[in-house]
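Sequence lines, in order, name chains A and B. Residue numbering for the first sequence follows this note's numbering, beginning at 1 and increasing consecutively. Residue numbering for the second sequence follows this note's numbering, beginning at 1001 and increasing consecutively.
Some clues are possibly wrong.
Unchecked claim - Calculated pairs, PhoX-like style, for lysine-lysine (alpha carbon to alpha carbon, straight line, at most 25 Å): (1) B:Lys1003 with B:Lys1041; (2) A:Lys141 with B:Lys1053; (3) B:Lys1154 with A:Lys60; (4) A:Lys148 with A:Lys53; (5) A:Lys141 with B:Lys1003; (6) B:Lys1141 with A:Lys148.
Unchecked claim - Here are some chain A residues the structure puts well away from chain B; computed CB gaps all over 12 Å: (7) Leu105; (8) Ala150; (9) Arg195.
The set of hints was computed from the structure by calculation and includes no laboratory data. Even glycine gets a Cβ: it sits at the ideal position worked out from N, Cα and C.
This is what each chain is made of:
2 protein chains.
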Amino acid sequence: MNKRAVILLSGGLDSITALAFAKAEGYACYSISFDYGQRHKTELNAAQRLAEKYGVVEHKVIQIDLRTIGGSALTDDIDVPEVAQEGIPVTYVPARNTVFLAIALGWAEVLQAEAIYIGVNAVDYSGYPDCRPEFVTAFEKLANLAIKSATEGKPIYIRAPLMSLSKADIITHGTALGIDYSETISCYQADAQGRACGQCDSCRLRRQGFAEAGLADPTRYQ
Amino acid sequence: MNKRAVILLSGGLDSITALAFAKAEGYACYSISFDYGQRHKTELNAAQRLAEKYGVVEHKVIQIDLRTIGGSALTDDIDVPEVAQEGIPVTYVPARNTVFLAIALGWAEVLQAEAIYIGVNAVDYSGYPDCRPEFVTAFEKLANLAIKSATEGKPIYIRAPLMSLSKADIITHGTALGIDYSETISCYQADAQGRACGQCDSCRLRRQGFAEAGLADPTRYQ
């Protein structure tokens, strides 16, 4: 049996690059997306298409309604800000990566997967505590105490291959690994056709990344 | 504002005792249950009734379909065994406590709660890796790296007050704190009326607990 990895796939630029890294490591890839009440559902459609295009073995969408716990502009009725904010942005979803990694961990155990890939990185950090290297390290430690297979001598690894890369580096690496970014969606408020607003933090970082990488920006804007 | 705690409430004997401990510590209690595709839905009804009876401020039920990741007799079509098993039981749900704690953590942050209570203990352990003290400690460490409020100097504590107690001790403490266990459900295969099978691991531990505590067993059996 090929060694397996579970990849958190959001439909964005970073997570598909994380998947490309996993494939390059020789993993049979299993992708997982979360329908958590986010306003940008077009992401989920993009994730599904990307999973098919890049040959994952199985793609799963998990329903979990984080709106019921509230507290974020991505799931509540708080406006998404169009200017850069100081500190942790209001688009922060409480404990999101902890929840997503936890569910991915359950699937990883069922699959007897060796690794979970998550596309967090230093640029995406922008104040999110659950995108830092110490968070990933702590989750890996927890994971190896949490699941049956790990207590039986089969460790699980949490990989964050983009952690130390700039957005431009991510785009450069992903392009070299064969990723076509035109179908990825990074925008916090993409429209129903998947076109980006061009104004939010996420759009700004992405546009700047293509510019710094010296590559044409294939993003479809509104 | 009263200090707040989120309590993982399953409708069973242990979790309501954990809630009693939180109340005794002076916390305003917020309880959370998970509808995760388990076969024993009567637990969810019991949790709702117990939350009302013991005066929690708010009770939430989170929908999350763990059946889609499979791997457990509690959510799959594997038979629940009626004789004690060696090692980790087939009723183990992959990463269940990790997932539940992660979601509770998100709500705790929104509530600005100081603690999360979980009713795991040494007896319930019976091979479940995510019921051990080292798991709880690792989750607490993760939690304080994961959420915004913790990075801003407001730590969160994961409390497992039953960890070192036997089932008999739990029952003795809970009874002293005013808990009436007749409405709690521990059985893995309770019927629609909430009556216990009397045969599964969970029923066996519970019955033995009342016997060792020298208290009448109020459980309704099938």
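The hints, checked one at a time:
1. B:Lys1003 with B:Lys1041: Answer violated: lysine 1003 of chain B to lysine 1041 of chain B is near 31 Å, above 25 Å.
2. A:Lys141 with B:Lys1053: violated, 38 Å
3. B:Lys1154 with A:Lys60: Between lysine 1154 of chain B and lysine 60 of chain A the Cα gap is close to 36 Å, so the pair fails against 25 Å, i.e. violated.
4. A:Lys148 with A:Lys53: Roughly 33 Å separates the two Cα atoms, so the pair is violated.
5. A:Lys141 with B:Lys1003: Not satisfied, since the Cα-Cα distance of roughly 30 Å exceeds 25 Å.
6. B:Lys1141 with A:Lys148: holds, 20 Å
7. Leu105: Not fine: 4 Å to the nearest Cβ puts leucine 105 of chain A too close to chain B.
8. Ala150: violated, 7 Å
9. Arg195: Holds, since 30 Å exceeds 12 Å.
Comparing the model with each earlier hint shows violations of hints 1, 2, 3, 4, 5, 7 and 8; every other hint is respected.
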